[in-house]
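Participant: Generate coordinates for the entire structure from the input sequences, incorporating the hints supplied.
Protein sequences, first through last, are from chains A and B. With my numbering applied, the first sequence corresponds to residues 1 to 300, in that order. With my numbering applied, the second sequence corresponds to residues 1 to 532, in that order.
Don't take each hint at face value.
[Stated by the list, open to error] Quick look at which bits of chain B chain A covers, simulated, 3 or more residues with Cβ under 8 Å:
#1 297-303
#2 351-362
#3 370-377
#4 384-391
#5 416-426
#6 492-500
[To be verified] Beyond 12 Å from chain A on every Cβ pair, some chain B residues (computed):
#7 Leu38
#8 Ala411
#9 Arg529
It is worth saying that the hints were derived from the structure and are not from the lab. Using N, Cα and C, we set each Cβ at its ideal position, and we do this for glycine too.
What follows is each chain in one-letter form.
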Amino acid sequence: MELIKKTNIDFIGMRKFSFLASGIMAIIGILGIIAIARGTANMGIDFSGGTSMQIKFAQPANSQAVRDALGKAGIKEVELQEVTGGNQILIKMHKSTGKSADAVSDALKAGIPGNSFTVESSTEIGPSIGEKLKQDTLVAVALSMLGIIIYIAWRFDFKFGVGAVVATMHDVLAMIAVFYVLHREVNILFITAVLTIAGYSLTDTVVVFDRIRENMHKSLKDPMLIIFNRSINETLSRTIITSVTTFLAAVSLFLFGGEVIHDFAFALVVGVVVATYSSIFVASPIVAVWEKKAVEVEAA
Amino acid sequence: MKGYTWRISLILIFIIASCVYLTPTLVDTLPTWWSGLLPKDKIHLGLDLQGGTHLVMEVETQKAVEGSLELIATDLEDSLNSQNLRFKRVARLGGDKVQLTLYDRGSADKVQAMVKKKYPDLEALPVFDEGGFVNMQLRINEKEAQVRKDRAVAQALETIRNRIDQFGVSEPVIQREGLNHIVVQLPGIKDPKRAIELIGKTARLEFKLVDESVNAATATASSVPEDDELLYEKRTDPATGAVSETPLVVKKKAMITGELLTDAQIRIDSQYNQPYVAIEFNSTGARLFDQVTAANVGKRFAIVLDSNIYSAPVIRERISGGSAQISGSFTEKDAADLAIVLRAGSLPAPVKILQNITVGPSLGRDSIHKGLMAGLIGVLLVVSFMAMYYKISGMVANFGMVLNILFLMGALSALGATLTLPGIAAIVLLVGMSVDSNVLIFERIREELRLGKTPHAALDAGYDKAFLTIMDSHVTALITAAVLFQFGTGPVKGFAVSLSLGIIINLFTSLVSTKVIFDAFLERVHVKRLSI
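Facilitator: This is the structure:
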C-alpha cells in the first residue's frame, strides 16, 4: 500500500505563506512565554507554588457546595474543576492563599458533613522549589538547544544547525502558543512534553537534512531550491508515515491515558502535528533561502 | 550474508535476559529453584503509580550553626565560672559570633589564652572597650560554618532514616539533594500526616527548672528575667478534645538534654490506664539527673520538647538509677511517636517541608490501569497500520517494536529504574517512534526497488543508505533525553530514563534485529518480490 506516490510539490515556493503562519504562531508563543515569565499564564503549582488536591466524594458533589464549604473556612481564591466521572473534584490554590491540604480536608469535613470523601492526591509546593524548577528548566532547554546546534553543525554545517534549532524553537513556541490560547495549565509535565517534541521534531528535521546533503553531493549543478524541494518530496512519505504512527500512539494516550496525563498527552498530540509541519515548511526553507543567498553572493 | 549467527545469538541472549529480569515482576511467587543469583526485584513503581508520599525538606542549617554557637557560649560560661574568672555575660551575637563581656583587660588576656586553646577553629576578633567593659568576640568563619552546616544535613538525614525505619515503611527512599535538601519517599503509606509529623519534629528534649519566683500568669516574653523564658504547657482534654494552655516560666538553661538518653519506650500506666514514655539515661545523664534532683527537691522540673512543655512535675525525692518518665495527655499513638523520636535522636536543626506530594493508592492503581490500556491500544493501532502499509515487512518492523518494549522493560528492571506514569507515556510514544527507523529503511528499499534492483540488493542498499540518517536522528533525540535526565526531577527523570533507554535500544533493534530477519529469510528462500 502506498499513501503518497512520487510527489513534486513546491514546498519552498510556499515559504511566504508558511513563514507568515509560523511567524504568527511564534509571536503568540512569545506572548505566552512573557505571560509565563510574568506569572500571568495558567501556571501549574509546581512552578508557582501552592496546593492542589484531587478529592473523590462518595456521592455527587457540585463545585459550588465545595466552594461554599471552603469559603466558610476562609479559603478563598481557589480554582475548582470537576473531573468527569467518579464524583471527583480538583482543587487548586496558589501560594498566596497559604492554606495547606489539611486545612482543605478539615474545611470540607466541616462544610459538607453528609458526603464523605477520600483525598486521591495532594500536592503542596513551596515557592522556592518553583523558582528552582523554573531556572533548571530554562537551563535544560538552553543546553539541549546548544548541544543540538553543535552536533548538527558538526554533522552538516552551521546553517543546517541553525535551521534545525529555528524549526525546533518554532515547535516549542507553537506548543506554548496553543496552551496559552486555550488557557491550559503550564506545569512540569507540559515542559517534559515540549522537550520530548523538541527531540522528535529534530529527528524529523535531520532526516530531511540528510537527504538534502545526499542530493547536494549527487547533483552539484542543480539550483539549491530544486535540490531542497526534491529532498523534501523524496522523504515526504516517510515523514507522513512516522507522524501517523507517533500520532496514533499519542492520541491513544490522550484518549485512554486518564486524567493525570490528559494535558501531557494533549501537548504531545499538538507537538507531533507541529513538528511534522515544521520539518517540511520551516527547517528546510530557512536553510534553502540562506544557502541561495550565499550562492548568489559568491556568484556576484 | 554470512555471520548472522552471532547476531541471532545476541538477540536471543537479550530476550532471555529481559525475560529473566522481568520474571519477578510478572510472577507472583517465584519458584523455589529461583536461586540467589537470579534477580528478585520487581520493577520499581513510582509513587504516582503505587501511591505514597514524596517530601522535599530543607534543613535550616543556619539554625544549626546558631545552635552550636549557643553551646559554645554555655560552655565558655561554665569554664569561666570554674576558673573563677569574673565576667559580665557571654552570649551569641548575630548568626556567627559569640561575645564575651569582661570587666578588665587583665582577665581578658587570660580568657583569650584559654579560648585559643579550647576553640582553635574559631577566629578571635581584636578586643575592644565599650562602656567601661572589655568585649571579646569569637567568630565562626565561613568555612567552619559550612562544615557544621554540612554535618547538620548529614546528621538530619541519619536521624530521619532512623525514625522512618522505626516507624516501619517498606522501601523508603531517603536521600540528600543539593546543599541542604533532603528528599524522602514513602511508598504505600497509609497515614501520611502522622509520618510527616514524626519526620519533621525537631525532638529537642530538655529538662528545665521552673522559676517559681516569677508569676507566670501575668508574665510576658519581654518581662521575664534575662535567663528565664516563658513556655506553655499544652493539655488536650481526652473527653472534649479542647486544648488548654498553661504558661510557665522556666530557666533558659537546660539541666539535662535528650542527647543523654539511651532508650525510650512506651508504657501503660496500670493505675490510670494512661500511656507514658519511659526513658533511660546513659551514665553521665544518670549522674546529672541524680545531682539535679537531689539539689532541687520540692521544685518543679519541666520536661520540654521543642519549646513545648509536656509536663512539669514536682521533684518529690532524689531520683537515682537513670530512669524517668514523661507523662502528659497522650494518646497511645502520640506516646509511641514520641518514643520513636526520642530513641532516634533529635534533628540538629529544624526542617521545613518545601514540597509534599501525596498520591492515594486508588489513584495509583487507576493510573497504571489507564496507562497500560492506552499503551495496549497504541500498540494495536501502530501494529495494524504497519501491517497494512508494509505487509510482511511491516510485520517484521512490528516484531522489532515488540522486542523494543521487551528489552526496555528488561533494562528498566535490571537497572532498578523506577517506572512512573510519564515513563509509561514515554514507552507508548516510543512505540510510535520505534517503527520510524524501519519506515526510513523501507522507504529507501521501495526507492531502490523502483530503480529496478533485485530484492537482495535493494534491501542492502536500503539499510546502508538509511544508516547515517538513523544514527543522526537517534543522537539528536538522545541529546534532549540526556538533558532531561540531568535536569529533571521526580516524574520527569522517570520519563527521561525510559526515553533515553528506549532510544538506545531502538538503535539496536532497528539496525540489527530486523535486518537479521530479512537476511536469514533471503538467504534461505529465493524471493522474486519483497512484500513491502
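Participant: Hints first: check each against the structure and report whether it holds.
Facilitator: Status of the hints after comparison with the structure:
Figure legend: the region 297-303 of chain B, annotated as covered by chain A; annotation inconsistent (0 residues with Cβ-Cβ distances under 8 Å, at least 3 required). A count of 10 residues in the region 351-362 of chain B with a Cβ less than 8 Å from any Cβ of chain A is obtained; the coverage claim is therefore met, three being the minimum. Residues of the region 370-377 of chain B lying with their CB closer than 8 Å to a CB of chain A number 6, which satisfies the three-residue condition for coverage. As drawn, the region 384-391 of chain B meets chain A at 6 residues by the rule of a beta-carbon pair under 8 Å; at three or more, the given contact holds.
Proximity of the region 416-426 of chain B to chain A, defined as three or more residues with a beta carbon under 8 Å from a beta carbon of that chain, is established by the 4 residues found. With 3 residues bearing a CB less than 8 Å from a CB of chain A, the region 492-500 of chain B meets the requirement of three and the coverage assertion stands. For B/Leu38, the requirement that its beta carbon stay farther than 12 Å from each beta carbon of chain A is met, with the minimum near 33 Å. The non-interface label for B/Ala411 is consistent with chain A: the shortest C-beta to C-beta separation is roughly 19 Å, beyond 12 Å.
Residue-level check passed: B/Arg529 sits 15 Å from the nearest beta carbon of chain A, beyond 12 Å.
Violated hint for the displayed structure: number 1, the only one.
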